[in-house]
Structure formats: C-alpha cells, structure tokens
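2 protein chains.
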Amino acid sequence: MKKIKIEIEPIGKRIYIDKPTNGMKAISDAGIEMKSVCGGRGTCGKCRITVLNGQKCPVSKQEKDILSRDEIKHGVRLACQQVFKKNISIYIPSSSLSEEQKLQVTGKETKIRVDPVCRKYFIKLKRATLEDMESDFSRIKNALRGEHGIDIDLIDYKVLTCMPQVTRDNSWEITVTVRGSEIILVEGKDKTKESYGIAVDLGTTKIAIFLVDLITGSTVDKKGVMNPQISFGEDVMSRINFAMQGRENAEKIQKVVTDKINESIKEITKRNNLEPQQVVEMTLVGNTAMHHLFLGLPVRQLGLAPFISLTDVAINIKARELGIKISPGAYVYLLPPIAGYVGSDHLAMVLASNIAEGKGNYLGIDIGTNTEIVLKTKKGMRSVSTASGPAFEGAHIRHGMRAASGAIERVIIDSDSCIPKVQTINDKKPVGICGSGILDSIAELLKAGIIDERGKFRPDSNCIYKDSQGIFQYMLNPNFYKNSSSKDNKGSNISINQKDIVEIQLAKSAIRTGIEVLLENAGIEFGEIDKVIIAGAFGSYIDPKNVINIGMFPNVSLKKISQVGNAAGVGAKMVLVSGRQREIAEKIAVKIKYLELTVFPSFSDHFAKSTLFPETREII
Amino acid sequence: MKKIKIEIEPIGKRIYIDKPTNGMKAISDAGIEMKSVCGGRGTCGKCRITVLNGQKCPVSKQEKDILSRDEIKHGVRLACQQVFKKNISIYIPSSSLSEEQKLQVTGKETKIRVDPVCRKYFIKLKRATLEDMESDFSRIKNALRGEHGIDIDLIDYKVLTCMPQVTRDNSWEITVTVRGSEIILVEGKDKTKESYGIAVDLGTTKIAIFLVDLITGSTVDKKGVMNPQISFGEDVMSRINFAMQGRENAEKIQKVVTDKINESIKEITKRNNLEPQQVVEMTLVGNTAMHHLFLGLPVRQLGLAPFISLTDVAINIKARELGIKISPGAYVYLLPPIAGYVGSDHLAMVLASNIAEGKGNYLGIDIGTNTEIVLKTKKGMRSVSTASGPAFEGAHIRHGMRAASGAIERVIIDSDSCIPKVQTINDKKPVGICGSGILDSIAELLKAGIIDERGKFRPDSNCIYKDSQGIFQYMLNPNFYKNSSSKDNKGSNISINQKDIVEIQLAKSAIRTGIEVLLENAGIEFGEIDKVIIAGAFGSYIDPKNVINIGMFPNVSLKKISQVGNAAGVGAKMVLVSGRQREIAEKIAVKIKYLELTVFPSFSDHFAKSTLFPETREII
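Protein chains in written order, with the numbering used here: chain E, 1 to 620; chain R, 1 to 620.
Mixed in with the good hints there might be a few duds.
As the list claims (entries may be wrong) - A short list of chain E residues far from chain R (calculated; beta carbon distances all over 10 Å):
#1 I66
#2 G75
#3 I112
#4 T161
#5 P164
#6 M226
#7 K270
#8 R300
What the hints assert, rightly or not - Below, in silico cross-link-like pairs of lysine to aspartate or glutamate (DMTMM-like), each with a Cα-Cα straight-line distance of 25 Å or less:
#9 K158/R / D427/E
#10 K318/E / E251/R
#11 K124/E / D153/E
Claimed, not checked - So, partial list: chain E residues that the calculated Cβ filter (under 10 Å) puts toward chain R:
#12 Y16
#13 P20
#14 E147
#15 M163
#16 Q165
#17 L310
#18 G406
No lab work stands behind these hints, which were simulated from the structure alone.
Quantities reported herein were computed from a predicted structural model and do not represent experimental measurements.
Even glycine gets a Cβ: it sits at the ideal position worked out from N, Cα and C.
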C-alpha cells in the first residue's frame, strides 16, 4: 500500500502515514507537540498551520469562525480540523508549537555520520614484571597497535601523571581515549560505551550548552544560560571597551564566562549522572568578539576600524589552558572566525544549513544586533555583517521586551475595526512586545493602511491616537478600540508609536541593504535565489510572511524559506561529533569571502531606498 | 712543509704545529690551559702529561727529580720539559688542568650541524585597512609563505594574545619564530640574529644549565647549581619515597627544582644581557626519577619492583605547563628515558659519544650512585644500571667528601717509605678525600702491596696502623710516615681504613659485574672492545690507569679509553641545536635494550668474583 508523505516545515521533518489521519494526530505522531487548549474541537485556534502544497484542504465551519478570510486565502488551517489523505507539505508557525517544542526546535538537526575526533579503546595489558619492564606508555602503545591497529605517539602530560594509578588499580584493564595520535584520557575497565562532549554556542546575550553522546551523536541534554558578561555591557562594543581598559578587565571578562560555562557543565553532567571529567572534547562557536574574549585575546583591533580578527583558523587548545574544567587531557575546538564582524557562529550556521554544499543559490541570514548574511552562488560564498541594531530584541522600542512570558509575540489587526488580536508568550497578561510581535504589528499596520510606505501614520486613520507628547501611536489593546467612542485606556497601554516604526525601518533597512549589496556583488536577482535560510532564535519565532511584508526581504515564495533555529548550536554539535565536519567547516571558512558593506559605493543608496516599506497593495 | 700532528686526550683535540715546539706552549696554543706554578722551569711538577704514543720523549733532569720511576716508565712527563718534534698523542690528566679548564672540559663537544627546531623569520606586513581586512594571523601566514616559503598552520595561544600589540607597535615589521608548523614567538623588528635556548642536565646532585646560541650552536654561558631536592633526600630512592607520600610532597619536590631552574635561567640570561623571555626552547636530560619528578609524574612504580618508567618516548611540552619561565610559547623537549634506572641522561651520553654510529664495539659508562653502562656490538646496544653506591662521590667513606677545595684528588704511594704524595683540589690544606683520590689510594695500596687482592691490609705491612677501635688504616699524611718512629699523628689524620676499602670493593664490583653481564650477553670478550668511553664528572677526574688497577675494568690499552666529561650535558645541547639529532637520539632510544642485571643467573657469581682486586703483579 502506498504511504502518504507529510513534510513538516520549518522543522524539515518528513514522515509517512499508512492511512488518512487527523492532522493534529499525524503531527503529534511525528513527535512534534502543538498547542491545543480545546482538545481538538477547533475552538481555541492555537493549532494553526499553513498548507504549502499537496492535497486540497477544505475549510471547516470551526475554521471559518476562527480564521480570517485572509488567512484562509493564504492556506492557513487548523491542524485539528484537517485530515491528511494525500501527500502534503505544511508549515507550522512557532506560535502553534508548545513551549517545550519551541525549545526543541532551536536547531534543525542535520543527519551526519558520527565520526568523533576522540575514540575509546578497551585494552588488557600484561602486568609489568622484572622480566618484562616495558614502560607503561609503551605497553599501552603496543596494545593499541596490536589489538586495534591504532598508532599513537603522544600522551597528554596530565594524563601521564594519572595513568599508573588507574592502570594498577584496575588490574591493567583500561580504556584509552585517543585524539589524533595522542592519548587524552585513561580510565579503568571498559568505558568504550561512554563518551561525552560539550558543544557551546557562546552568544552575546545567551550561552547554549549541549551535552552530546559521542558514540551515538545524539544530544543528551541542553541548557541555556545568560552570558554573565552582560554586567560589563549589553552589547559587543561596550564589552570590547571594557576589556581594552587594562589587563585586569580583560581577565575578568574572560573569567566570568569560563566560570559560567564550568558551572553549566557541572550542572548538566550532574543531572545526567556524569562527571565533568568524563567530557573528552568541547567545541565552541560565537561571534568574533565572544571568541576573542573567551580565549583572552586582545580585542582593541576589533573595536577600531578596520575591525580585524586576530585569527581566521580553527584553534585546538587544551581545555585546562583556558580554565575549562572537563577531562584533564581534553581539548576545546573553536571553529575559525570569518572576519571581525562575522564570527564562527556564522560559519557553524552555514555548515548546519548545508549552504555550502547545496545546489543553487542560497541566502543565509542570522538576525540579531548584528545580522550576518551569507550569499552562495556559482561565484562562491560572500558574507556581510550589518548593524541591524537591537530593535528586534525589543530594545529601543518603547514597550519592547525580550521574548519572555507576557510578551506579545503575534499580532493580527482587523482593518475595519482597528481591533488587534494579540497572542502573548505563555498566554499571560501582556506586559510588553517582543521582536516577532513588533514585526507582526508593523506588517499589519501596513496591510491595514494605518501607516504608509514611508512608515508614517496616515493622519486620516481612525485607528491612531496621539499620546500626551503629541506622538502618534497605535494601541495593541483590543478593548481600546472596542470602546472607541470613549478612547479611554482600559487594560494595557502597550502601543507602537512613530519612533518604534523608525527603529524597525532602520533595522530592516540595514538587513535589506546587506542583501542588496550581496546580490549586486554576485550579479544575481533576488528571484534567482533558491532557498532562504533564517537562523537564530529570533528568526525562528517570526512569521516569514511578515518579514516579506515589511520589505526586509524582497517578495519570495514562502516555500523557499526555511527557519532553522539555532543553527550555530547545531553546527557546534556537528563539529563535536565529527572530524569530517571540521574539515568541511574549515574549508568553508576559507571559501567565504567577507565583504565590508561600507566600502561599497552603492551602500548609502541601497540604505536610503530600503527604509521604505512596500506599498499596501504589495502586502501578501 | 709537513706539519706535526698533536693529539690531546681525553679532550679529543687534534692540532697541527709547523715546527718543533715546547710541549707546554703547544698545549697552550691549542687553547688548553694547564697548571703551572713554576712558570715552565720544571720544578713544580704540575704539568704532568702521559705520552700515549708517537715520538720518543727523553727524560730531563728536572723530570727525574719530580717524577717517580714508575711514572717515567709509564710515559708520564712534564709538558714544560718536552719538545714536540714529531706526531705525538698525549693524555692530560685532569689534575694537570687549570680549574677553569676543568670546567670547560666538562663535556667533549661533537661538531654537529646546527639545525634548531625553532627558526626565526623577519617579515614586513601590509597594514590592515577597510579594503584589506585579512586577519593578523592570516597576514603573517601569507607573508611567511610568500617571503620565506614556509607553511605554518598554528600560532601558540599565548603568542596570539600578544601579537596584535607587537605588530602595531613595530609598524608591522616583525620577527616570527616558527617551530614545526607553529608560531611560538612574535617580536618587533628584525631579531633573526638573536635566538637562544637552554639545555639542562638535571642530575640527582647537580644541575648543569647551558645557555646556547641557536644560530651558531655555540655555548654562550653555563652554570652549575646544586639540586635543591637534596633537602628531601640525598639519593633518588629517598626522594621517590618523599614524593610518594601525598600529592603535596610531589608538588613540592617538583616546584623546588623548577624554581631553581627558573632562577638559574634568570641569572644566566641576565649576565649575558638577555631576558628569559628570549629563550625559545629548552631541552632537559636526567635519570628517570629526575625526569619523572620534573614533570610531576608519579614515581611509586619507580620505587618498587619492577621499577617501571611511565614513558619511553620523547616529550614536547609547553614550558609554561611546567612552570618554566622562558618565552611564553616555548617548548621543553625531554629525551626519552630508556628504563626505570637508565635515564635520558644515559641516552644523551650515548648520543654525544657517538656510540651508536661508531664502528666496532663500544663500552660507555657513566659512573655515579647508579652506574649506567651501555655495550654496543654488532648485535646492537644493551644497557644496564648497576647500584654502585655513593662511595665514588665520597659518601660512606670515613674521610670521604665531594670534589671540592681541599679534597685529596690524587695519591701516589712510595712502596718503600710508605709515604703518600697527595694533591688537593685548589692546592688547599687537605680536608678529606674525594672519589678520584679514593680510587688512586686503593690502586696505590694494591701496587705497594699494602693490601692484598681480597682487599685486606696485609698485617705484616709496616705502613698500616690500627685506630682506637682496632681497625687497620693507611694514613694519607706524608708527615705521619716521615716521623714513623714516633707514629704520632701530626698534620691531617685523613686515612683509608678497611671499611672504606670494602665500600670501594662493592662499588667497583657492581660496575665490573655490569660489564661482565653485558659482555656475556653479547658473547664477546673485553679484549674485543674498541673503545671505552667514561662519561660524567667523576669519570673525568679519575686516572683511567687506576680504574684498571683496581679491576673495575679488565685490563685495556689506555689508548682505548676516552674520558668525555659531562656527555649528558653535551647531548642535551646537541638536541637543543638540532632537530636531526633529536631524530637520531629517539631512534637510538628504541635500539637500546635494557637488561635487568638481577634476573641474570650468572649475576651473583660475577659479583662475588668481581669483589676481588687484581693481584699485585697485574698492576700497571
């Protein structure tokens, strides 16, 4: 019997079902947990999906009640109301996923061959006697060659100091961990089934730590913590300035982060009944400033034009040299930075998204305070970094906030009544608005004709309101418009004002300019791009349609867009479990050419043009 | 005109003179400084030499007065009384050398090609600009490839932290030190003419430190200091016991020695107007216990049978990991130990003495508390270690002392009058007797028939005397015998007693046993040995004739004996200035087979036999 294929984006999962199945159930069977408050009765509207292509999906009565006409027109349905009968490709927006599922999708995993740089071998040695006085090291070396065909010529000096005790305490039955031609760990008895690594995505704001099984390649556990360097400055530049003010500062800013990583490793290993000493390898990715500060490298040249990275090669360094407390002989592997403002996290993203190897033209983008964009064409890979600012993280926005409980994350505006439908994180009372909510708001304001393509509130709109300082604003409070006659400010006073819109204009313009310069440099049109990959936490939560609607990207089929989540973290894990992936990544690093945007003559033209929004009729 | 060839042993120097020249002058012209109190008048007798072969050397009147008939018979002459007219080969005993010269001969240098593992390259870099944002490291890498054809792929992490400042402070004109494919130092301006290394011979008692010019290969300066570990035990075993008693002890015994090495490096660099940070490489040799303690390796297994070394390969380790304060990116290279009781100092001696490469059968011996002996035959190289004890260092000898001012270092006994002629170090009043003096005494006592071949004082000898405890002794005080009627104890009461003789018997027997087992194992006779190499400080000061006379060696032509001084230190210097020599040494290490003496069935037979001295008529 022919199976029915279900493709689920942006997670990139493909499942097969035997018989027609309820959409909600099929998705749940695929291991993806969606929101459902009403229990599949079609009344809560939490399980929105977008049908990208495949079978026809008739609209149920419940769907007609819950969804807007516009949504229905664009293929939005409720998963619980649909039955998958034929091959279908669907898109599940982040807002439909359970909080737990959201965490789990922070990184679209690519299947790779597990091929770790550290391998374990169990050997039984002959006990030393007066007739057989071979040195311990030589005994191990010969056993590895004889029993496993492995040639080694080095043993870590710290491991050498522990080896004789381990050997003798365990009746000369030991497990040796080999990295390259070096022994980096000696354990008693057979430990070949237990091998662990740590992958770290060191972000300016957050640190993501993954505990990985190096035998199976699977992620055992993960943990996200705030980067404690925040106390020395929220953004990269203020931390660079702090570190530049003397050796003591540089040491302090390095130490807080290694301390935090050590603490996290201790915690994540402990809750999995492991010891940090069982971790035999660590990988780390991050932007170039985070990379340099982690290594204790000077950052002065990163803070001043021409913003130079000190190195562009991968670094293998003993964890103990950096104060990282894992196995005493273990190494930390750092992917190479691409340039001063394009870090190894970008490289990890390119690796994890298969941009370098894929066929056709790829655009990869990781939206943040600095947005790194890579364009891959026949001519090769070019990357830029663009100062998009912190608006998408909620900063510089009057009611902006980080994506946390109570943040408005999704907005739909009814153009007739002005009334917004808002969804908050964890369905809590609204306390502010996060990046995806801001993006939705702007797109909806444009679509409803409340603002024009220059970003100005249309003075004739009856949806806007002047605040006490005479600045126009739109209220993200349904009650406000329901009682529009009184215009009283019941409920939340969260709003989008003219200044907020300007911030978003600047941010999206910076990104669009980066894209335009890349396209110009490569000599292709946006329409020739085969795949757009949006990476990063923010990128996973946004509605890609609205990214297009505010003109951050030119218009592109949603099918071409893939939201891959924390691809940098995935890349860090890939190079943790595979030596082959390190080779691939290092080769990619050489191939990516960094373009400095500001030296392009067309830069300011593009920027000016990009501040404009699309006209209302262009909104999809 | 044909030149006259003068061969000078044991220094191994060969010079050519144009015309007949006074012996003293010829030796002085060869750069060797001899003792001379009388200014060449032939009255002080300090410039004794032994003519090994070559021209006939008539005896002058002065020589007849100064030298004993026996000395004259054995070719001893005064250099100042001889004229070198034809090719001649002479032997200069250590006692005839000036104190300064003695220090200088502590190591017969072998000419090798200078081929250091660290090389310096001067490069001028293009300044980074917004149009040229290459990373510092990549910039250096490309310049090295472009200007010098050198490919590197690594930069030491600590060097990376200093590089940007150095580069920018010196207008991008820098000198890069490369080791293998790693940059280990970046300095401003052209420093290619200045490159220094440190070689260390880490002895149980003494540490010899050499500052070496890595461009020319020459020794700039050297320094000898006591090993401060002595405060934790005089001998290796007591230090092993100390270190075994807990981690704190192990750390303490390691730290005192690294501190002392650091202090010495600081001193030796300072007095040559250098900084320790200019030292780019260090090599170290030592016995296996010193090697392990220096590295902080456990030593328990070295202290208990079967006395296993933890490693038998060379170690390259960052100096900073060991707390050695030289250039931050520098390495310490340690030659491999051969076995638990045959250390890397032995390997260094084998390397420096050219034993492995030389033609014929070689016996190499380094006399100490443990005496390591290597025998090279067609069958390969075999080494043993034999517990000869500290008697040759003056310990366990009633009036024994180390070789220091006032120690009796040379003894001749007139068999008729019993009167000894003694020579002390620095011609000071005698305060004790050092190894070479003890050796001389025993040999002379045998020759004079005062002791028999079992080592017993002949009760009928009128040269012996019972002390207050009734133990026979021979007084090393000429006045004692001159006033023999009174037998009063004027002047020094330094003597050799029966117990001292037993100590020497045990010591020399241990060594002789080692030699016999080696010969037996190789299936050759002592007579088939082509060259006997005596290494080590003690070995340089002894009279090789007397080594034979007490039966430590079988009888052998003096011509076959070569005293090479601190060959271990020379070996350490050779591997410091040459990567090729490291390869050679590491290959030798694999080839040397260690034999455990005690498991040889013939061991105890040999030992018992070897305690006997040669009969008087066999004395040469």
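For each hint, the structure was consulted:
For I66/E, the condition that its CB be more than 10 Å from all CB atoms of chain R holds, with the nearest at approximately 52 Å. Consistency note on G75/E: stated as away from chain R, and its beta-carbon is indeed over 10 Å from all of that chain's, at 45 Å minimum. Interface exclusion of I112/E from chain R stands, the closest Cβ pair being 24 Å apart, more than 10 Å. At roughly 5 Å, the least C-beta separation between T161/E and chain R is not larger than 10 Å, which violates its mark as non-interface.
Here P164/E does not stay apart from chain R, with its beta-carbon only about 5 Å from theirs, under the 10 Å limit. Every Cβ of chain R is farther than 10 Å from the Cβ of M226/E; the closest lies at roughly 26 Å, confirming the non-interface assignment. The Cβ of K270/E sits about 25 Å from the closest Cβ of chain R, beyond the 10 Å cut-off, so the non-interface label holds. A cut-off of 10 Å between C-beta atoms contradicts the statement that R300/E is not in contact with chain R; the least separation is 7 Å.
As the CA atoms of K158/R and D427/E are separated by approximately 51 Å, the hinted pair breaks the 25 Å bound. Simply put, K318/E and E251/R have alpha-carbon atoms about 21 Å apart, close enough for the 25 Å limit, and the pair holds. Straight-line distance between C-alpha atoms of K124/E and D153/E comes to about 19 Å, which keeps the hinted pair within the 25 Å bound. Because the closest C-beta pair between Y16/E and chain R is about 47 Å apart, greater than 10 Å, the hint is violated.
Given hint, P20/E at the interface with chain R, is violated; its Cβ is 57 Å from that chain's nearest Cβ, farther than 10 Å. For E147/E, the interface hint is violated, since its Cβ never comes within 10 Å of a Cβ in chain R; the closest pair sits about 19 Å apart. For the restraint placing M163/E at the interface with chain R, the shortest Cβ-Cβ distance is roughly 7 Å, inside the 10 Å limit, so the hint holds. Because the beta carbon of Q165/E sits about 6 Å from the nearest beta carbon in chain R, less than 10 Å, this interface hint is met.
For L310/E, the suggested interface contact is upheld, since its CB lies about 5 Å from the closest CB of chain R, less than 10 Å. Contact between G406/E and chain R, as hinted, is not supported at the beta carbon level, the nearest pair being about 43 Å apart and thus beyond 10 Å.
Against the hints set out earlier in the document, violations occur for numbers 4, 5, 8, 9, 12, 13, 14 and 18.
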